[in-house]
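K.L.:
Next come the chains, spelled out residue by residue.
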Amino acid sequence: MVKVTLPELGEGITKAVVSYWYFQAGQNVKKDEDLVELTTDKATFNLPAPAAGKLLEIFSVEGQSVNVADTLATIEEEA
Amino acid sequence: MQFEVLDLGLIDYKEALSFQEPLAKDVAAGIRQSTLILCEHNPVITLGRQARKENILKAEAELTAAGIKIVNTNRGGDVTLHLPGQLIVYPVFDLRRLGRDIRMFLRNLEEVVILLLEYYGIRAHRQNGLTGAWVSGRKIASIGIAISHWVTNHGLSLNVSCDLNLFSLIKPCGLDIMMTSIAELKELNSLKMGEVKEKVIEKFQQVFCSGG
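Keeping their order, the protein sequence lines are chains D and P.
If you read the first sequence in this note's numbering, its first letter stands for residue 1, the second for the next number, and so on.
If you read the second sequence in this note's numbering, its first letter stands for residue 80, the second for the next number, and so on.
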């Protein structure tokens with residue numbers, strides 16, 4: 001199982017708001033495909049899927065504030 | 080960091096977007112160099128991800144009748160307006176070559192505007208906690224970007240010599256603010272956009288290319 005975590009987005013940025021999930025739990029995703037859009041300052045940031053597989057669970061809903069290093073979702077890697 | 084320049088002239092908002100998106104994919108894939116797109120748009124109101132519809136102060140039908148389109152976008156920020164005489168700058172830049180730092184990139188865009196205005200004898204400043212560039216409390220440049228695979232699109236708009244009355248159609252960036260332009264501040268009837276474009280390229284090189 002692979003965790004999808006919020007990476008460092010730059011100096012002084014500790015949090016971001018989840019603005020859009022491109023997939024729902026249960027759907028299959030490809031590695032590096034845009035998975036979730038986050039908003040910080042005057043920027044939106046698309047976080048790519050770290051692995052190919054099934055999106056198991058989403059922990060942060062749209063509109064929710066998340067911190068750097070938080071787990072946003074989990075992916076069950078393709079065998 | 081080196082970049083190419085692409086001048087699209089006066090172009091519809093959506094058409095300019097259709098240039099940016101494939102270009103951003105190519106930059107992310109390393110097929111193309113970072114590129115600075117320059118253009119002007121026909122009147123259009125765009126809504127960023129944090130936009131509230133109530134910040135458009137006229138009915139959609141009225142705006143459509145006046146030839147002003149409303150477009151939803153995936154950039155950050157609230158409501159903004161583009162129109163001829165406003166310089167639009169879309170840096171499709173690879174942030175992997177710029178330290179993967181979103182906030183520094185936004186500050187550097189503001190720095191470009193501040194240096195450019197300094198050339199025109201205008202002292203612009205940042206406003207605490209807000210993105211953009213301001214002159215004596217009035218806004219002159221707006222910024223909103225989107226990042227995918229660490230490559231930026233969307234960008235900044237700078238009021239060069241445009242009809243500022245049109246901004247009364249919206250609450251720019253969701254704020255109760257006045258807008259200004261270079262032409263208004265310098266009491267000029269018009270300003271050559273070509274010259275401003277040359278200067279903005281120079282300032283981008285100064286801010287983003289120093290030190291390789």
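Simulated from the structure, these hints should not be mistaken for laboratory data.
Since the model is a prediction, treat every value here as computed from it, not as a measurement.
Backbone N, C-alpha and C fix where the C-beta goes; we use that ideal spot for every residue, glycine too.
Do not rely on the hints blindly, as some may be mistaken.
What the hints assert, rightly or not - A few chain D residues that face chain P, going by a derived Cβ cut-off under 7 Å, partial list only:
1) 12
2) 21
3) 39
4) 41
5) 42
6) 43
7) 65
8) 66
9) 67
10) 68
11) 70
12) 74
K.L.:
Against which earlier hints does the structure fall short, listed by number upward?
P.N.:
Failing hints, ascending: 2, 7, 8, 9, 10, 11, 12.
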